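K.L.:
Based on these hints, arrange chains B, C and D on the given structure of chain A.
Protein chains in written order, with our numbering: chain A, 2 to 218; chain B, 88 to 305; chain C, 3 to 282; chain D, 473 to 873.
The set of hints was computed from the structure by calculation and includes no laboratory data. Predicted model only: the values in this text are computed from it and were never measured. Check the hints yourself; a few may be wrong.
Partial list, computed: chain D residues near chain A (C-beta under 8 Å) [unchecked claim]:
no. : residue
1   : Val686
2   : Ala690
3   : Val692
4   : Met719
5   : Thr721
6   : Val725
7   : Lys727
8   : His745
9   : Phe806
10  : Ser810
11  : Ile842
12  : Ala845
Using 25 Å as the maximum straight-line C-alpha spacing, the simulated BS3-like pairs for lysine-lysine come out as follows [unchecked claim]:
no. : chain 1 : residue 1 : chain 2 : residue 2
13  : D       : Lys647    : B       : Lys109
14  : D       : Lys832    : D       : Lys647
15  : A       : Lys62     : B       : Lys109
Glycine residues also receive a C-beta, built at the ideal position from the N, C-alpha and C atoms.
Residues per chain are reported as follows:
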Amino acid sequence: MRREIPLILTATVGIVYIISFFIPHRPFGSVETLFSDWILIIAAFAIWLGALNLLRVSADKIYRKKKDWFYALVTILSFFLIAIIGFFFSRGSHFQDVGTSFDYLYRNVYNPLSATMFAILAFFVASASYRAFRARSWEATLLLLAAFFVMLGRVPIGDMISGFLPENIRLSEVATFIMNIPQSAGQRAIMIGIGLGIISTALRLILGIERTYLGGD
Amino acid sequence: METFGLWIAALLTLGIMSFLYKDNPVYKLCESIFIGISAGYWFVSLFWQSMYPRLYLNIRGAVSTLLHEGRISDDRWLYLVAGILGVMMLLRLVPKIGWISRWPLSFIVGSTAGLYFITYLQSNIMNQIRSTIIPIYVPGNLGISISNLIVFVGVFCGLVYFFFSREHKGAFGGAAKVGIWFLMITFGASFGFTVMSRMSLLIGRIDFLFGTWLGLIK
Amino acid sequence: MNFFDKLMKIDRRIIFLFVAAAVILPFFLSIHQKILISPEVQGLYDAFESLPPGSKVMISYDYDPASAPELQPMAVAAMKYCFAKGLKVIILGLWPQGSIQANMAIESALEDSMVKEKNPQYGKDWVNLGYMSGNELVIQRMGTDIPVTFPRDYQGNPVEDLPLMQGIKNFSNVDFIFNLSAGYPGTQEWVQFAADRFHAKLGAGNTAVQAPGMYPYLRAGQLVGLLGGMKGASEFEKLTDFEGKGTKFMLSQSFAHSIIIIFIIIGNLAYFISRGVKKK
Amino acid sequence: MRIVRAMSKRNKRINWNLVLLLFIFSLFILSPAFAQEDTLPPSPPTDVMAKDTPNDAGGSITITWKKSADDGAGKNNVTGYLIYRSEEGDRGYKEIGQVAKGSKEFTDGNTKDKINYYYKIKAVNKSGLFSFSEPSPPATSKAQWFSSGRKNTLIAALILGGLILYFISQARAGKELFIRKIAGLDAVDDAVGRATEMGKKILYIPGTQDMDNVQTIAGVTILSRVAKITAEYETPLEVPVSRSLVMVTCREVVKEAYASAGRPDAFKENMVHYLTDDQFGYAAGVDGLILREKPATIFYQGAFYAESLIMAETGNSIGAIQIAGTAMPAQIPFFFASCDYTLIGEELFAASAYLSKEPKLLGSLKGQDIGKAIILLMLTAGILFITTGLWRGFDSLFIVQ
Numbered sequence: 002m003r004r005e006i007p008l009i010l011t012a013t014v015g016i017v018y019i020i021s022f023f024i025p026h027r028p029f030g031s032v033e034t035l036f037s038d039w040i041l042i043i044a045a046f047a048i049w050l051g052a053l054n055l056l057r058v059s060a061d062k063i064y065r066k067k068k069d070w071f072y073a074l075v076t077i078l079s080f081f082l083i084a085i086i087g088f089f090f091s092r093g094s095h096f097q098d099v100g101t102s103f104d105y106l107y108r109n110v111y112n113p114l115s116a117t118m119f120a121i122l123a124f125f126v127a128s129a130s131y132r133a134f135r136a137r138s139w140e141a142t143l144l145l146l147a148a149f150f151v152m153l154g155r156v157p158i159g160d161m162i163s164g165f166l167p168e169n170i171r172l173s174e175v176a177t178f179i180m181n182i183p184q185s186a187g188q189r190a191i192m193i194g195i196g197l198g199i200i201s202t203a204l205r206l207i208l209g210i211e212r213t214y215l216g217g218d
Numbered sequence: 088m089e090t091f092g093l094w095i096a097a098l099l100t101l102g103i104m105s106f107l108y109k110d111n112p113v114y115k116l117c118e119s120i121f122i123g124i125s126a127g128y129w130f131v132s133l134f135w136q137s138m139y140p141r142l143y144l145n146i147r148g149a150v151s152t153l154l155h156e157g158r159i160s161d162d163r164w165l166y167l168v169a170g171i172l173g174v175m176m177l178l179r180l181v182p183k184i185g186w187i188s189r190w191p192l193s194f195i196v197g198s199t200a201g202l203y204f205i206t207y208l209q210s211n212i213m214n215q216i217r218s219t220i221i222p223i224y225v226p227g228n229l230g231i232s233i234s235n236l237i238v239f240v241g242v243f244c245g246l247v248y249f250f251f252s253r254e255h256k257g258a259f260g261g262a263a264k265v266g267i268w269f270l271m272i273t274f275g276a277s278f279g280f281t282v283m284s285r286m287s288l289l290i291g292r293i294d295f296l297f298g299t300w301l302g303l304i305k
Numbered sequence: 003m004n005f006f007d008k009l010m011k012i013d014r015r016i017i018f019l020f021v022a023a024a025v026i027l028p029f030f031l032s033i034h035q036k037i038l039i040s041p042e043v044q045g046l047y048d049a050f051e052s053l054p055p056g057s058k059v060m061i062s063y064d065y066d067p068a069s070a071p072e073l074q075p076m077a078v079a080a081m082k083y084c085f086a087k088g089l090k091v092i093i094l095g096l097w098p099q100g101s102i103q104a105n106m107a108i109e110s111a112l113e114d115s116m117v118k119e120k121n122p123q124y125g126k127d128w129v130n131l132g133y134m135s136g137n138e139l140v141i142q143r144m145g146t147d148i149p150v151t152f153p154r155d156y157q158g159n160p161v162e163d164l165p166l167m168q169g170i171k172n173f174s175n176v177d178f179i180f181n182l183s184a185g186y187p188g189t190q191e192w193v194q195f196a197a198d199r200f201h202a203k204l205g206a207g208n209t210a211v212q213a214p215g216m217y218p219y220l221r222a223g224q225l226v227g228l229l230g231g232m233k234g235a236s237e238f239e240k241l242t243d244f245e246g247k248g249t250k251f252m253l254s255q256s257f258a259h260s261i262i263i264i265f266i267i268i269g270n271l272a273y274f275i276s277r278g279v280k281k282k
Numbered sequence: 473m474r475i476v477r478a479m480s481k482r483n484k485r486i487n488w489n490l491v492l493l494l495f496i497f498s499l500f501i502l503s504p505a506f507a508q509e510d511t512l513p514p515s516p517p518t519d520v521m522a523k524d525t526p527n528d529a530g531g532s533i534t535i536t537w538k539k540s541a542d543d544g545a546g547k548n549n550v551t552g553y554l555i556y557r558s559e560e561g562d563r564g565y566k567e568i569g570q571v572a573k574g575s576k577e578f579t580d581g582n583t584k585d586k587i588n589y590y591y592k593i594k595a596v597n598k599s600g601l602f603s604f605s606e607p608s609p610p611a612t613s614k615a616q617w618f619s620s621g622r623k624n625t626l627i628a629a630l631i632l633g634g635l636i637l638y639f640i641s642q643a644r645a646g647k648e649l650f651i652r653k654i655a656g657l658d659a660v661d662d663a664v665g666r667a668t669e670m671g672k673k674i675l676y677i678p679g680t681q682d683m684d685n686v687q688t689i690a691g692v693t694i695l696s697r698v699a700k701i702t703a704e705y706e707t708p709l710e711v712p713v714s715r716s717l718v719m720v721t722c723r724e725v726v727k728e729a730y731a732s733a734g735r736p737d738a739f740k741e742n743m744v745h746y747l748t749d750d751q752f753g754y755a756a757g758v759d760g761l762i763l764r765e766k767p768a769t770i771f772y773q774g775a776f777y778a779e780s781l782i783m784a785e786t787g788n789s790i791g792a793i794q795i796a797g798t799a800m801p802a803q804i805p806f807f808f809a810s811c812d813y814t815l816i817g818e819e820l821f822a823a824s825a826y827l828s829k830e831p832k833l834l835g836s837l838k839g840q841d842i843g844k845a846i847i848l849l850m851l852t853a854g855i856l857f858i859t860t861g862l863w864r865g866f867d868s869l870f871i872v873q
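So that you can see chain A by itself, here it is in the shape it has in the complex:
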């Protein structure tokens, strides 16, 4: 019961999904839509587990007066603030409309935090490239050169530097060439490889050969 039914379920659902790709006739044609809706609903239930876990771990920190317990309290309060506002004080399912309190929190708290976290990547990209792009070996030199040309070729300054060259070997053209030809080829090899890896993993999952995700008995 604990393992057999889940394995049968995975196999059945997987096979129905694959078959439905080849059969446009009802009900197969609409299987995909239905299943995807179901997954979304299950995920919407599951987030309760995550939220409860976050609250429990944080509350535990406060209760035991662990180091940094104050910050755990801030997390709990922020969670309840937005959850209560989102559920009860922001026009129900229109909670994202401009002008709701939810939208206010979104624009002035969530968004700046998220955008800044994303933006500090600019600094990390700089420090990572300083460290990683060194011509230690032939392979590393290729990495370095490709990055160098593309980086310069993607901004107007690259063409200013290489302006004296004939048009078709200016930096932006070189960058386009690298992106279109060798980069595209490498990318495609990676994609085909990934495709095979995923097909084989999917098959193992459907056949129950890969069942680690179910845990133990």
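P.N.:
Just chains B, C and D now, kept in the frame of chain A:
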């Protein structure tokens, strides 16, 4: 209210940036606000965007057909299954019957496996094969001929690198090595291309701080 | 440890400082840069240009404010262009915040004098169908039935009341799809579902980080054109003749790139010199 | 577009009298041309055909026609086509849609199956004049049981699937299978060992996507092997996750790993904990963990987006050993630049086989390899065919409809 919000936004922006210098109480504060706010954000969003329209509205619709037209046959009843699977997921909170949450999980894994099998077969294999099959000699156009040849060599050798069940030795190893070269160029180029994106985001934040907040630039 | 060894292990915060300076300074400078057009941007522009006035363009806003610096200039330029040219725009979002970004883009677009002249009307010249969860499956469902997938617009009006949506059943009634994407779901899904399965004509604007992954689709013709990052935005702005933030920010971009390049060169010099010293 | 703008910008001091005079004069000269355009409708579209849209669930008919002689040629003034439909044939036509000039096809996706429909196409020109085509022969829509355009995908699925299954069964039967070295995976033991020596934690990030991503499932599978090692070494393990379903799954997996290593007592529920579903909120939280807990080893295995470098650079700054693996092509370069080892694309999916050395998993790798060989063969043959002109349509064998 708007000005207050703007100040909050600006201070949070600076708080997160302070982390670049080193970990500090201000960053810790911003981080804990961020985790709480974002977890709550998704919690609310998933409710209003998945649970409410997909489960509640569908079932309500099916119930009203039953009540008003007396018809039980309505596709929307199928959503009840999803509701049951969702509740099974929550049963994880009850240790004794927590194992039942494997049912919805294996439903998800099964449909993921099916969807990925088909989608990747189509887009990562069939389509990529088709677009690699290009003439490597185009009469009268040396440039394209060479480009196409490079693409072919790159894809070929790149794939050879991914062979697992053969040792990379001899001619085979040589091809795998050329494959690595192509992968290196791919990584370098993708990285270089990305730098631009990342800088743009920082520019956006600086525009916010100096323009929207301080009004120093228009 | 000599000077060059130290240089190789420089505190990353010094690099951070230089990057910050390189981004901030150009805001206060005015230098004109020449912008060249790359073929993938030209491809997108040509696809737009080939549409006669009255054609229906679907624009999918699949990003959030985090990627707005790159994608918003594209969105604004595209909206201005569509309005000025009399193209009808159907907006939707596969990301929850997408339709909000769309409204912001329209707000900026409506300030342009060329657009003002045309005075585009909601419902007639553009509609915003809002956000729909379901990722790629939303695209797939639209392939069979758009009104069923989006029964109401973002304001809750039934789509059958919107003049623009009359006669729109699926992708075959839409002349061009333009997707602005910052990740998943995004261009890859539009290619796989709208272009591959339903043969829609598709162009995209991507963050610069997504863009390299899309070149295979571009080469295979699954995408007719592509805007990559802020540079793509500035090129598109130049082609459509609607200069905006993309062009403005490009200078900071150039400075920042240069600083990174300079650091890479310094790093390599230090590496070779310190290795040379050790060999002796 | 550009012209209009240039004109609006132009200096306004113009001699209007002269302009008016020139305008009237030009009208006289051009009048015959205008007259012709104004009074004659465009020539109608011809050969209107309607048939059931193939490979669908019914409810759709595809209409094709030959363009009006004035579309792209002739007077070249057709602006578009309107599509009309009737159930009677001679009357009762209603407009059902429109398409731009140059179009030769329309899909009517709003039909009832088993009913006869007739179609007419109306060509419209610039001055609003129009002409109707002859009605099409009747057509009915119906659903199909097999998508004929996807035959090739079915064949490919059968070949690849068959190969993988064949080699799995071979491996089960005891056939020895070789697997090449994957540096990142060889390093797993050392990396865990180092954390043990230093008395520090191991952080495991199973990607930032949900269970409906095969990469996450691969990441969870690798976690199970890593957890087995940490259980044996008694190294503390922490798995912060960004999705609730992943939390549930990882917990089961780690619990099982500790049990099978004979250390069920060492397993704690809170080893696996949820932070937030949000991409950057999660990255902020993980960065905080890295800076405060200073783990000796960090694993990143699964699907990642931009947050990859935020975490990996922070991990790098504290000097942790980092082993990454992802099949997100855009993120591989970042892990490559800031981690000690990176599993590239397909290697992520090979990892569980490599680490466990289970025959059936190794067998599937062999199957994948033979699949690759076939693809290489197809590519080479295809390019030869198409370059020499022996079989020009070879690439279209791979078009999926």
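K.L.:
Each hint needs a verdict: does it hold in this structure or not?
P.N.:
Structure-based check of each hint:
Because the closest C-beta pair between Val686 (chain D) and chain A is about 5 Å apart, less than 8 Å, the hint holds. A hinted interface residue such as Ala690 (chain D) counts as satisfied when its beta carbon comes closer than 8 Å to some beta carbon of chain A; here the least separation is about 6 Å, so the hint holds. Nearest Cβ of chain A to the Cβ of Val692 (chain D): about 6 Å, under the 8 Å cut. The hint holds. The interface hint given for Met719 (chain D) is met, as the beta carbon of that residue sits about 6 Å from the closest beta carbon of chain A, less than 8 Å.
A least Cβ separation of about 5 Å between Thr721 (chain D) and chain A falls short of the 8 Å threshold, and the interface hint therefore holds. Taking 8 Å as the C-beta contact cut-off toward chain A, the hint placing Val725 (chain D) at the interface holds, the least distance being around 5 Å. The beta carbon of Lys727 (chain D) comes within 6 Å of a beta carbon in chain A, closer than 8 Å, and the hint placing it at the interface holds. The interface hint given for His745 (chain D) is met, as the beta carbon of that residue sits about 5 Å from the closest beta carbon of chain A, less than 8 Å.
About 7 Å separates the beta-carbon of Phe806 (chain D) from the nearest beta-carbon of chain A, less than 8 Å, and the hint is met. Given the 8 Å rule on beta carbons, the hint for Ser810 (chain D) holds: about 5 Å separates it from the nearest Cβ of chain A. This hint is violated: Ile842 (chain D) has a C-beta 10 Å from the nearest C-beta of chain A, more than the 8 Å allowed. Checking Ala845 (chain D) against chain A: minimum C-beta separation of about 11 Å lies over 8 Å; hint violated.
With a CA separation close to 55 Å, the supplied pair Lys647 (chain D) and Lys109 (chain B) exceeds the 25 Å bound. Between Lys832 (chain D) and Lys647 (chain D) the CA atoms are separated by roughly 10 Å; this keeps the pair inside 25 Å, and the hint holds. For a cut-off of 25 Å, the pair hint linking Lys62 (chain A) to Lys109 (chain B) stands: about 24 Å separates their Cα positions.
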